[in-house]
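Number of protein chains: 2
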Amino acid sequence: MLKLIDPWGSALPEDYAKIIADFGLEVFNPRDFPDPNRLMRRGVVFAGRDLKRISEAIRGRKKFYALSGIMPTSERIHFGNKMVIENLAYFQKHGAKTVICVADLEAAAVRGIPLAEARKRALDFHIPAYIALGLDPRKTLLYFQSDNRDVMKIAFEAAQKITYNEFRATYGSTEPGRIMSAVTQIGDILYPQFKESMPGIIPVGIDQEPHIRLTRDFVARTHASHKFTQISSLYHKYTPSLDGGLKMSKSLPEGSIDLPEDPKTACAKIKRALTGGRDTLEEHRRLGAVVEKDMVFELLKQHLVEDDKELQEIYDDYKGGKMTSGELKQIACDKITEFLKDFEEKTAQARELAKAKELHFII
Amino acid sequence: MLKLIDPWGSALPEDYAKIIADFGLEVFNPRDFPDPNRLMRRGVVFAGRDLKRISEAIRGRKKFYALSGIMPTSERIHFGNKMVIENLAYFQKHGAKTVICVADLEAAAVRGIPLAEARKRALDFHIPAYIALGLDPRKTLLYFQSDNRDVMKIAFEAAQKITYNEFRATYGSTEPGRIMSAVTQIGDILYPQFKESMPGIIPVGIDQEPHIRLTRDFVARTHASHKFTQISSLYHKYTPSLDGGLKMSKSLPEGSIDLPEDPKTACAKIKRALTGGRDTLEEHRRLGAVVEKDMVFELLKQHLVEDDKELQEIYDDYKGGKMTSGELKQIACDKITEFLKDFEEKTAQARELAKAKELHFII
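Chains as they are written, first to last, in the working numbering: chain G, -3 to 359; chain V, -3 to 359.
There's no promise every hint is true.
For chains that are exact copies, the list does not tell them apart, and a pair is met inside one copy or across any two.
Listed below are the simulated DSBU-like cross-link pairs for lysine-lysine, each with C-alpha atoms no more than 30 Å apart in a straight line [as the list claims (entries may be wrong)]:
1. Lys93 <-> Lys351
2. Lys149 <-> Lys246
3. Lys305 <-> Lys337
4. Lys157 <-> Lys246
5. Lys342 <-> Lys260
6. Lys223 <-> Lys116
7. Lys351 <-> Lys149
8. Lys342 <-> Lys353
9. Lys331 <-> Lys267
10. Lys305 <-> Lys260
11. Lys267 <-> Lys48
12. Lys149 <-> Lys93
13. Lys351 <-> Lys267
14. Lys353 <-> Lys318
15. Lys93 <-> Lys157
16. Lys318 <-> Lys157
17. Lys157 <-> Lys89
18. Lys116 <-> Lys157
Keep in mind the hints are simulated off the structure, nothing from the lab.
Model, not experiment: these values are computed from the prediction.
With the sequences and hints as input, model every part of the structure.
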C-alpha cells in the first residue's frame, strides 16, 4: 500500500508501513488533496490523522488552520524543519490560517536561553528562514509563547485532564519539566481554536506523534467546556543520513546537511554518501543502480528535484545503469549548491525586511 | 518556649512545638517586630522562616514584599484567610510592597470556574473583603494569574529545576495538575522579584508549609540565573473548630463560622461551642474555667478582642470562676455580631468603590 503512493520506493531502514499499523494512522493519499506538493506526491508525506476533515475544509473553502513552531535554540534548521515548513506553506496556499509559535519559554526552560536571546534568534534567523522556504508572512499569525496568556490557560486545563499514568505511557519520563513542556505544547496546538473552534492540521515528523496523540486524547475529553474540534496531523518520513542511517542527526554531522551550510561542505558530504552504485562500472552498466538504497537519490527525491518528470528521468537513467553514482552525486552537488545559495539569499532578504520592521504578519 | 510567646495558652489538639521541631522552623518572637499585631502578640503567629531578613528590612526601611493570593472559588472566606490578610496588612503598614495574586488559572483548572467568573468573584467579593480586613488598595499590587506572563516564565524554570521525586516527597501526588499548580504558585511567590531581587514574606497557615519549602528549595538552586533573594514565611495556628477540632472546616459547618455569616447563625454556633466551663455553677465558681480547652475564649483571643488588657480581664474573670461560660458566650456573640456587621458594611463600601472603578491599586 505504501508503494502505491511512493512510486520511487524507499530503502529507509524504518518500516513506515509498520508505524502506520502500530499507531493506527491513516495512509496519506495525495489524490485526496488538490495540487499535492513534492513531499506529498512522492510518499515522503506518508500518513496522518483525521485527514478528511482537512481535505473537506480545503474543498469547501471552510476555515481551518495549520500550525508549527520554532524552537530558537540555535541558528540552524535541518531538512526535517524544511519539510514541516513546506507542508505548512502548502496548507497556507490552500486557505489555512497559518500559525507559528516561537517556543521561547521552552527554549529558556530546557536550554537556558534567555527570552530576549530566543526572540532575537527567531527574528534574525528562523522566521526569515521559514519565509525563504515559502511561508507568506502576511498570511501567518506569529506569536511568542511568553507573550501568549491563552496558551497557558489551555495548558492548565490539559494538566488537570491528563493523568500521571498517561504522561508516563506517552513519554516514559514524568519529570515536571517534561510535563510542563508537554501541556504547553498542547496549549500551542489548540491556541488557534481558543476563540473559535475549527479544524487544524499539524504537520510533523513521525517522532512527534506522541504529542499529537496526547493532544487528541485531551481534546476528546474537553467537549463540554471548550468544544475544540479534534486536530488533524500529517506525518513525513525522515530525511535519511547520507550514510544510510534512519535520519540526519547532529550526532553524525558527516551524514547530515544543515540549513544554512557551506555548499562545498555539503558537496563533500554528498560525495562520501552511501549510494546504490555497483562495485565496478561494468557491473553498474549491466545491472543498474540499486536506487532504493541510494541516499543521494533520496535527497534529490525529497528535496532537490521539484519536477516529477526530471526525477523520473534521473531514476530511469540511474536504475538502468546509464548514469553512474558519481554522475548522480554531481547532479546532487550542483542542485544543493543552487538550493543553499538561494536559501541564504532569500533568508538574508527576509532578515533585512525583519530588521526594517517590514515583515507584516497577521498580528 | 511556645508558652513564652502565648501568654493565654492554647489547648489546641495539634502540638505546634512539635511542628516547629519537625519542620525546622524558627519560633516567632513578637519582640523582634515593631508594634506586633494581635495575632503576633498572642502566639497565634507562632513560627516562620528567615524572619530576621524581614525584621531587618523593616528596621532598616529597606525594600521587601509581602504576598498572598485569592482563590476565587466561592464568595466566602474563613478565619484562616482573615489571619493571612491581617498579617499582610501588618507588613504593608511597615513598608512592604504588598502583592495579591488572583489564582484564576488555578480556579479554572481545578474547580472549572470560567476565568471571567473568577475575575468577577474576586472583584465583587474577595478584594472588597480584603480591604474590609485592613488592606490598603493604594499600596497593593493586584494581578490576575491569567494576565501575568512573568509568573509563567518562573513556573517554567521551576518545572525544570524541581524533580519528580521532590514533588512526590512534597505532595505525595505527582498528578500533572498538581505539578502545574505547584510551579505556578512558585511563580506567584517569586514574581515580585522578577525584575528586582528583594526579601519577601509569605504569611500562611501551617498547612501551606510544603509550598514554602518547595519554593525555597527552588530559590536555593537558582542563584546563577536569577539571584532571587530567599523568601521568608510566617505561620499562624488554625482557628479551631467550635467543637474543639483542630481547625474550622467546611466539612463541619456547625463548628465553623464563615465570612460573611449571618450574626444570628454565628451566635447560635457559639452557643453550642465546646467550653472550659464546669459541670455545675458551684463547681465553676470554686474551680474556675479550664480556659485552655475553651473554643469561645480562643475565638475571642484570635479574632474578637483587640485590646490586650480587655482580654486579660476576661481571662482572669473566667479562669477565676467569676464569669460563667454562658456569659463568655454572650460576650463572644455580641462581639462577633459587631464584627460581622462591620465586615459586611466595609465590604459593601469597597465593592461600591470597585464597581465605580474607584479602587486604586498600584497597577
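Violated hints - listed by number, lowest first: 11, 13, 14, 16, 17
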